[in-house]
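> For reference, the chains in residue letters:
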Amino acid sequence: EAGVVQSPRYKIIEKKQPVAFWCNPISGHNTLYWYLQNLGQGPELLIRYENEEAVDDSQLPKDRFSAERLKGVDSTLKIQPAELGDSAVYLCASSRNGGETQYFGPGTRLLVL
Amino acid sequence: GQNIDQPTEMTATEGAIVQINCTYQTSGFNGLFWYQQHAGEAPTFLSYNVLDGLEEKGRFSSFLSRSKGYSYLLLKELQMKDSASYLCAVSLSGNTPLVFGKGTRLSVIA
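So the sequences go chain by chain: A and P.
For the first sequence, the residue numbers in the working numbering are 1 to 113.
For the second sequence, the residue numbers in the working numbering are 1 to 110.
For reference, chain P alone in the conformation it holds in the complex (with noise of 0.2 Å):
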């Protein structure tokens, strides 16, 4: 089977930085997506990696370890609006649907 794993929850401070972290174990990949999900709403797009390392995009970045089988959201400068739940998926092929993690629920306080 399929495991990936983050946090259930987290809670940050406003104008802080807070990492989410996400561990998978699968038996393909092909790529690591972060979405984030206010309350009610429906998954919005946030990053993709594909390679070893960080990609940044504004105040959010991402990070991918392969080998480690390990990826983390960074988010900087948190707001209030970010407070939403934050999922992991991972891509198992170039041509399958992506098996998501539960998520992190994320709470910004002031």
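Excised from the complex, chain A in its bound form (with noise of 0.2 Å):
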């Protein structure tokens, strides 16, 4: 069974720049959650989706970021404009149902310069 897939692994911008990251759950996984991860932090959720549908985005910075589920499976999550505090590891999480056992893609590590 493949695993949480996302791209890019890595991404250098500069501030006030746009990017965006895709991420594509485990096949029959039904939720599916964006996290931010700090250095020496554990991930922080951003948004989690139930199918289609945002269920939580309550700690998505809604000014610069965004992020959508079309069809329910694959996902992306975008910054416009990014700031030098953006800069982090973006991980990506996907379960069969909202509170079971969620398993982690490698994440996109950004550097905002």
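Rather than coming from a laboratory, the hints here were simulated on the basis of the structure.
Certain hints may be false.
Among chain P residues calculated to face chain A with C-beta under 8 Å, some are [what the hints assert, rightly or not]:
1) Ala42
2) Asp52
3) Gly69
4) Tyr72
5) Phe100
6) Lys102
7) Ser107
8) Ala110
Covered by chain P, according to a simulated footprint, are these stretches of chain A (three or more residues, beta-carbon under 8 Å) [what the hints assert, rightly or not]:
9) 20-30
10) 70-76
11) 95-107
Using N, Cα and C, we set each Cβ at its ideal position, and we do this for glycine too.
Put the complex together from the two separate chains, hints included.
The structure is reproduced here in structure tokens:
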């Protein structure tokens, strides 16, 4: 069974530029999560999808961050414009249903210069 | 707010046993997860406890006491490859995302 796939693995951009991350969850997993992980910290939830519906986006900075999960499978997370403080690892995870074990992708390491 | 505490760093010797503790104070509880995360890699699932007691899985065991808000991860016969961060995470309810601790960075030395 293939795991959660994310791309790109690394991204370096200048501040004020836009950036997008892509995630393909494990087949059959209805719930998809985007987390932010800063160095030396645990992951923090940005947004959670149940199929194509965003059911928890309270921690997503909506002035610059947006996400979508069209068709309830793949998802993209976008930042526009990026700020220096956005440098972090962006992790995608999926679970069969909400509350069940989450499986993480390798993450996208973002560096904003 | 939700509070999950674990030691920041630990060091242990190859072949030894190490116990990583996690205490939590959360508004709800539906289970506790342990994840392993090697530097630059994704967290990988290790264990899940929802009832009090010890769950054993090979060299790794996880314990939970709901009344004390306490869990530990026990690693036996340590190997160099066990050097990683270990993340404690609490599920608040059956339909909410995990709340993670900051992780414990374990260094295994020869």
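> Taking the hints in turn, state whether each one holds.
Checked hints:
| no. | hint | verdict |
| --- | --- | --- |
| 1 | Ala42 | 4 Å, holds |
| 2 | Asp52 | 19 Å, violated |
| 3 | Gly69 | 17 Å, violated |
| 4 | Tyr72 | 17 Å, violated |
| 5 | Phe100 | 3 Å, holds |
| 6 | Lys102 | 5 Å, holds |
| 7 | Ser107 | 14 Å, violated |
| 8 | Ala110 | 25 Å, violated |
| 9 | 20-30 | violated (count 0) |
| 10 | 70-76 | violated (count 0) |
| 11 | 95-107 | holds (count 9) |
Figure legend: structure checked against the earlier numbered hints; hints not met, in rising order: 2, 3, 4, 7, 8, 9 and 10.
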